[in-house]
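J.: Single-letter residue listing:
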Amino acid sequence: MQFTQEHDEIRRTLRAIIDRDINPHVEQWEEDGIFPAHEVFKKLGSAGLLGINKPVEFGGMGLDYSYAMVMAEELGHIHCGSVPMAIGVQTDMATPALARYGSDELRREFLTPSIAGDFVACLGVSEVGAGSDVASLKTTARRVGGDYVINGGKMWTTNGTQADWMCLLANTGEGPVHKNKSLICLPMKTTGVQVVKKLDKLGMRSSDTAQIFFDEVKVPVTHLIGQEGMGFVYQMQQFQEERLWGAISAVVGMERLIDETAEYTRERKVFGRPLLDNQIIHFKLAEFRTEVELVRSLCYRACEEYLDGKDVVMLASMAKLKAGRMLRLVTDGCLQYWGGAGYLWENPISRAFRDSRLASIGGGADEVMLQIISKGMGTSPRSRA
Amino acid sequence: MQFTQEHDEIRRTLRAIIDRDINPHVEQWEEDGIFPAHEVFKKLGSAGLLGINKPVEFGGMGLDYSYAMVMAEELGHIHCGSVPMAIGVQTDMATPALARYGSDELRREFLTPSIAGDFVACLGVSEVGAGSDVASLKTTARRVGGDYVINGGKMWTTNGTQADWMCLLANTGEGPVHKNKSLICLPMKTTGVQVVKKLDKLGMRSSDTAQIFFDEVKVPVTHLIGQEGMGFVYQMQQFQEERLWGAISAVVGMERLIDETAEYTRERKVFGRPLLDNQIIHFKLAEFRTEVELVRSLCYRACEEYLDGKDVVMLASMAKLKAGRMLRLVTDGCLQYWGGAGYLWENPISRAFRDSRLASIGGGADEVMLQIISKGMGTSPRSRA
Amino acid sequence: MKLTPEHEALRQTWKTLIDREINPYVDEWEKEGQFPAHELFKKMGDAGLLGVDKPVEFGGSGLDFSYAMVCSESLGLVNGGSVPMGTGVQISMATPALARYGSDELRKEFLAPSISGDFVACLGVSETGAGSDVASIKTHARRVGSDWVINGGKMWTTNGAQADWMCLLANTGDGQAHKNKSLIVVPMKTPGISIVKKLNKLGMRASDTVQTFFDEVKVPVRHTIGQPGQGFIYQMQQFQEERLWAGAGTLMGCDRIINATIDYTRERQVFGKPLLDNQVVHFRLAELKSEVEALRSLVYRACEEYLAGKDVTMLASMAKLKAGRLRREVNDACLQYWGGAGYLWDSPVARAYRDGRLASIGGGADEVMLQIIAKLMGNMPRLGNR
Amino acid sequence: MKLTPEHEALRQTWKTLIDREINPYVDEWEKEGQFPAHELFKKMGDAGLLGVDKPVEFGGSGLDFSYAMVCSESLGLVNGGSVPMGTGVQISMATPALARYGSDELRKEFLAPSISGDFVACLGVSETGAGSDVASIKTHARRVGSDWVINGGKMWTTNGAQADWMCLLANTGDGQAHKNKSLIVVPMKTPGISIVKKLNKLGMRASDTVQTFFDEVKVPVRHTIGQPGQGFIYQMQQFQEERLWAGAGTLMGCDRIINATIDYTRERQVFGKPLLDNQVVHFRLAELKSEVEALRSLVYRACEEYLAGKDVTMLASMAKLKAGRLRREVNDACLQYWGGAGYLWDSPVARAYRDGRLASIGGGADEVMLQIIAKLMGNMPRLGNR
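Protein chains in written order, with numbering that gives the first Met the number 0: chain A, 0 to 384; chain B, 0 to 384; chain C, 0 to 385; chain D, 0 to 385.
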């Protein structure tokens, strides 16, 4: 993976916004339990960072995926997990299908403002009864004249209380579960859309995660993304970007924690010498750093193959799996060396510990990744039945 | 668990035999690929160590299980895994059912000489197609007049080439797989018993592990242990002792390796100071020692409950599981600190590495233990179906 | 350690009290940032639960330490780590030395009401600069007439905001770090004591942990526990019980989370079958349960030897080490199977995850235990080489 | 690292040669305790496999290092670790410095025949007292007229019993440990060289590993590779390629064992279903495969940066570290699912288990890698504190 001037340029631009407009406010946002998505996204949008690999006609930069990946990586400099996650939803989880399959009209209406940072997007896939098991979701959108009438509900919706529109996955027909779903652009202001509550979570405290209900919600059928019945397929593709994003966005954060832990333990004296001088500590940090480079390499390689037009389902799932595992090990391991100080609420390491626990659960749990990989290896019973 | 003078006495007696009659010959036996079981067992038998918890009428000491456990623990002082394993087969795997359910006549014929050390016993349960899955074994013993006529074969039989008799598990009827089996005392000299080959193994090199075939082998029905059809049940009980034995017999060996590694690394200088001074090493040894004490405590507790007449299937399986896992970690971890020297064939640590890999496989693999424990917890699907 | 019907009865008493007086209120206490120690301890005291192994003449039951172990183990039934920790301080961290070495007068004044639940106790050992490294504490008490005049500060003090008295470790002389310390009973109302702030922690959010400062704080010299200069030794003994307590306290806490996870995954349907039917799930739970039983065996064995008068520093340290590691492993592994539901703030497993993380840090970090064990194994390098 | 059709072709050539000339004989060689290096290397030489990244004028193909990586990776197809190790010494451990810094005369005399497969090479760095700690080697060469006179000994020398020449690291001066060493080409037939014994190892049993002694061994000074005194530097560079080689060599070795385990467990019926259908089995294999792909990505990335002229000491050390750890994990985990069959001496997984254990020890132990990484992270203590 060879990086160009343009890649570095993106890193610099994003980094400047992070240092100036994001990190100084994280503490407050964490306390508020929400961050001002519109305000932050507008800044990112104005800098062109919300449409790096999106079509130019809709305000994107039209660059290849490697540039989007570089942005995801750089997001690790943000001092919490919530804001990067929200940005990831906007750029890599709720919009790829729209950008790829949406009609020009639909893209003008929803994609352009999302790239500009005027709209906040959210993704409506998970439900109370269907997290890992997407195929079994229950929300329906039945056709009535020129409208879809939507009923049901979504769970774990990031950006849910602030979003202007949702990329909704719903059942639009009977038939087999993999062929009866569609992706629909749903304006959140539509009557019948009810944000039930903001969920109180272990971590990701400045991210607003909502539960949402739909009661006879009407949207014109023109809001359909691509073809009816292709929703499941589109979403699976969209998941690929989401997983790669999830993996690469973890790398710099881990690196930062490792460095901060080295710093802290270098200053901290116990039994008269720097904590860091304990071999158990500097070796452990070396081991962590090694694992981080493994995750990074895996992402870079997946990106290269993705650019070569290869199917990277396997590599992306492996990267997501390993990133989730490592985030838990690295945050838990580093916190240990901060001792009591690391256990204090505002300490960055304790926030990272809370936030990163989500990585092995959200966007397809570790076990889902293992299932996908087993399938790809042709070793899971289902795959041979 | 409070130990008495008698316990220590047994430790002393066994330890003397190990130091005088066993350890000096281990190297040679390992090279020969076999050890003289009759010779060694005679010495143990004469000291009364082969019948510690066996009935006095047949030459045993009639002591409770805690004394047998102390002996198993002490066997860890032997510088290889093969000899302890062979002794374990004699005392805790092939003879418990006979001692508990055998007729006086049968016990006089087979138990007494096995306790005296004149007979070497082996256990005939595993088959090529039935290792973990005992119920599915294929060997049959059909009744013909006053005889059983045995056909089939056994695999992984420890002591197989030297044994005088086998405690054989065979199908003696049709019916359900848990009710159609019986345990039978089978003299190995009987015509039709054919020891096909001594297996060449990764470790346990001084133990003779055989594959055995039975072709129309006749033994009188009086050789039946207890009741016909109860074989599976008896064997499950016998497994309980086998597993507890497997766990406790691992403890001292691990302790010894940890101490020897401390010794070696204390002497060995690298970059001008003792290897042991590396925190990564003395902390790792501390962690290992902690895990060893956990295994030991679990065995002691299981023994106490066993003596109280409680069912210890769960604790025994947990002990076997954890012992197998720890043996692998401890031998692998210690070998690391011996460096190249540890990789040399005759090095005790490299032998331990080869030998101990069997612990997670033999006598019920880790996964079988997990299945038993899941069943006991009422969490495995089968157990709820 | 043989569990008698008496042990069983004690466990039952705890269970009843926990079901009735604690678990229904824990969520509320977590929100408020502390549990009402006086109110709750009084209930425990009335039930005779705060002094099982304390002398009868001061209101205790005079039973052996195994009963204290049962208290710790039973507290694992509480849905959260704060109450067990606070109660542990009261029963086995701040009071053992006083009960063993305190003068009758001192015990009448402070131990008796702590056993009856009228007083809340806290322990003053850790300082900002000296967590693991107790010998290097800076707080000192100089003798002025018949008083100690105390200056300095303590950190990470559990129960600190509500405590009536502190079992304080302070330097009362210059000499050698292991011989110049004393344990002193300090009433928290004494002028000069200021509680700087209640610490905002990752977990244990129903427990009041504070930082305290001492500015010319006067307490009578007769408040010294046992011999002046013996404080370090006493505290080391006190640590032994604290570590055994921590080991025992982990057992039912882990059982509780494992069982809750079994129930949850049995109900939860994914891909058309109970989550629990996944072999990775029930095998993992079996593995964790095995580890819990191994720890339980170690704790019981250590307790037995302790009762037999043996030195159990090694076994107690091993129990503490393993307890910390295992808690983290169990909570992390179980949370995984709860998925998003487990990530919700008030889910029992999320709370256990936050609270349990302290286990490898508080009361002597894992690395301190490793050091003790390595030392007892005779493997620690000469200081120059560390 | 982009894999071109040329890389693919090279891989094919290796596969054909391995299937035809190596795997059918490995069992036999294991019994004999060594593989016939001359015979086998000649075949590799004829196929142009021993000098892919070596200069054309000495019989090499003059391709870049990525092709050497492909050689290493392809050798993972061999059913055992001995041949890949011996070949690795020939291609990437004993010859890179000679190819890069050797005089034309020296390269004509030793490199060319090593590339054609007529000569077998070995590397003389490790000593009994200096495995990880290269700077402290004791073997020295003093200059007498136009000769070096060598005394000392080497340990753990792969190919040692069959080698025609050794790339020897010796002290050629007194000065500073990093500036007083030279790499010298030593013909193994030279008088004064005695091979003490072939070491009997836990694994790698088809590889001849020896201990060597040098007693007044004379070789002309022109046998010095590059500048005298630069030996340590050259060797450090040579180590970099050795570590990348080790990383790449682990990939297909692990793939091979994972795939063999998939095949075995798919056939093996337990409790009436294929062993592979157990979720713990196929999930575990999926996890291991993920780790292998992560390592593959790291190795490719390191190779790319190496080709781009960047310093890859850090990435190469990480690759070596992870390679050792992963080999052990894969072999141990897979052997488990083979049960008794995997414990049989000649089973591929038992051999991998024996052979693979060396990966964390040879060519710089895991702990040495950790030290290098910690150092490059700027986290190593001043020597006094270590």
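Check the hints yourself; a few may be wrong.
As the list claims (entries may be wrong) - Straight-line Cα separation of at most 30 Å, DSSO-like style, residue types lysine-lysine; simulated pairs:
| # | chain 1 | residue 1 | chain 2 | residue 2 |
| --- | --- | --- | --- | --- |
| 1 | A | 309 | D | 374 |
| 2 | B | 268 | B | 42 |
| 3 | D | 42 | A | 309 |
| 4 | A | 197 | C | 188 |
| 5 | A | 268 | B | 42 |
| 6 | C | 137 | C | 188 |
| 7 | C | 217 | C | 197 |
It should be emphasised that the hints constitute simulated quantities derived from the structure, not laboratory data.
J.: All the hints need checking, so say for each whether the structure fits it.
T.: Hint by hint, here is what the structure shows:
no.	hint	verdict
1	309/A / 374/D	violated (38 Å)
2	268/B / 42/B	violated (42 Å)
3	42/D / 309/A	violated (36 Å)
4	197/A / 188/C	violated (43 Å)
5	268/A / 42/B	violated (60 Å)
6	137/C / 188/C	holds (22 Å)
7	217/C / 197/C	holds (24 Å)
Violation of the numbered hints given earlier is confined to hints 1, 2, 3, 4 and 5; the remaining hints are satisfied by the structure.
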